[in-house]
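Trainee: Can you make the complete structure from the sequences, with help from the hints?
Residue numbers (our numbering), protein chains in the order written: chain A, 10 to 158; chain B, 54 to 167.
Source of the hints: derived by calculation from the structure; they are not laboratory data.
These numbers come from a predicted model, not from an experiment.
Fair warning: there could be bad hints in the mix.
[Claimed, not checked] Partial pick of chain A residues on the chain B-facing surface, computed with a CB cut under 8 Å:
1. Leu34
2. His59
3. Arg66
4. Glu67
5. Pro115
6. Leu122
7. Gln124
8. Ser125
9. Arg127
10. Leu131
[Stated by the list, open to error] DEER-style ranges, computed between Cβ atoms:
11. Gly46(A) with Lys148(B): 27 to 35 Å
12. His54(A) with Gly95(B): 45 to 53 Å
13. Arg81(A) with Val152(B): 33 to 41 Å
14. Asp31(A) with Arg61(B): 33 to 41 Å
15. Gly46(A) with Arg139(B): 19 to 27 Å
16. Asp94(A) with Arg61(B): 47 to 55 Å
No residue lacks a Cβ here, since even glycine has one placed at the ideal position from N, Cα and C.
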Amino acid sequence: MGVWSGMAENTSEIKEVDTYLDSALGSADEAEHLVLGVAQQMGFHEDDLHKIGMAVRESIVNAVVHGNRYNRRKRVHLAVLNGKDHVTVLVGDEGEGFDPDKLPDPLAEPNLLQQSGRGIFLMRAFMDEFQIRRLSPSGTEFKLVKFIQ
Amino acid sequence: MSAKLSPRQVGDVTVIDVAGRITLGEGSSNLREGIREMVAKGNKKILLNLGEVTYIDSSGIGELVSGFTSVANAGGQLKLINLTKRVKDLLQITKLYTVFEVFDDEAAAIRSFA
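Mentor: Here it is as structure tokens:
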């Protein structure tokens with residue numbers, strides 16, 4: 010297991026959820042439920058709850074499918090931090106990592122009709138801030154942030 | 054509920070009523086198999102009614118695209134009707150809204166296959 014960067018960078022953030030999920034598709038449901046539970050209590054309105062839910066599901070599916078490759082010995086880390094005016098979701102896998110700069114642009118003409126490749130694009134589109142970083146010694150972490158409107 | 058498909062025939066157009074969630078796993082594979090079955094039967098005019106689709110993720114979008122391509126490759130057409138606001142928004146931000154022919158009215162959609 011890599012060194013998780015689950016420590017809140019902003020000390021005013023309260024860690025509401027800090028758990029590990031199985032590398033299975035069902036973890037997307039579980040993660041969505043956990044994250045939206047926090048987001049609802051924080052007062053996000055319905056449209057933003059939907060967007061947060063979608064981004065979280067995409068991040069979990071990415072971790073399960075591309076990161077951990079459904080390997081049952083690998084887990085997905087999920088942390089949810091309440092920053093009062095924003096929620097931060099951290100999703101980490103134990104995969105080999107990837108170079109986000111080498112991902113094809115799903116909006117580019119040659120890629121528009123590709124069957125896959127839209128997950129990270131949708132995470133960026135639905136959240137206000139989105140970062141990808143490599144974990145040590147291996148793995149990838151997505152950081153998704155949404156501000157209360 | 055994973056997406057369930059209910060095909061019906063209106064003249065020579067196959068309308069597939071899709072209900073539920075089109076997400077990675079059972080939902081998206083149901084859609085993939087449903088379209089594949091129609092193409093295998095020689096149905097070349099396919100209209101997907103997405104009015105009862107409650108949720109779609111990037112994998113579901115991928116299956117819509119894959120279905121569109123496979124029907125086109127078979128010499129047919131696949132069109133969409135009754136998009137909810139959320140599905141429409143998703144197709145717009147992924148620049149796919151202009152790729153598909155989208156209708157709000159089934160009769161108009163069926164006439165468009167002529």
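Trainee: A separate judgement is required for each hint: does it hold in the structure or not?
Mentor: Each hint tested on the structure:
| no. | hint | result |
| --- | --- | --- |
| 1 | Leu34 | 5 Å, holds |
| 2 | His59 | 7 Å, holds |
| 3 | Arg66 | 6 Å, holds |
| 4 | Glu67 | 6 Å, holds |
| 5 | Pro115 | 7 Å, holds |
| 6 | Leu122 | 5 Å, holds |
| 7 | Gln124 | 4 Å, holds |
| 8 | Ser125 | 5 Å, holds |
| 9 | Arg127 | 4 Å, holds |
| 10 | Leu131 | 5 Å, holds |
| 11 | Gly46(A) with Lys148(B): 27 to 35 Å | 33 Å, holds |
| 12 | His54(A) with Gly95(B): 45 to 53 Å | 48 Å, holds |
| 13 | Arg81(A) with Val152(B): 33 to 41 Å | 38 Å, holds |
| 14 | Asp31(A) with Arg61(B): 33 to 41 Å | 39 Å, holds |
| 15 | Gly46(A) with Arg139(B): 19 to 27 Å | 21 Å, holds |
| 16 | Asp94(A) with Arg61(B): 47 to 55 Å | 50 Å, holds |
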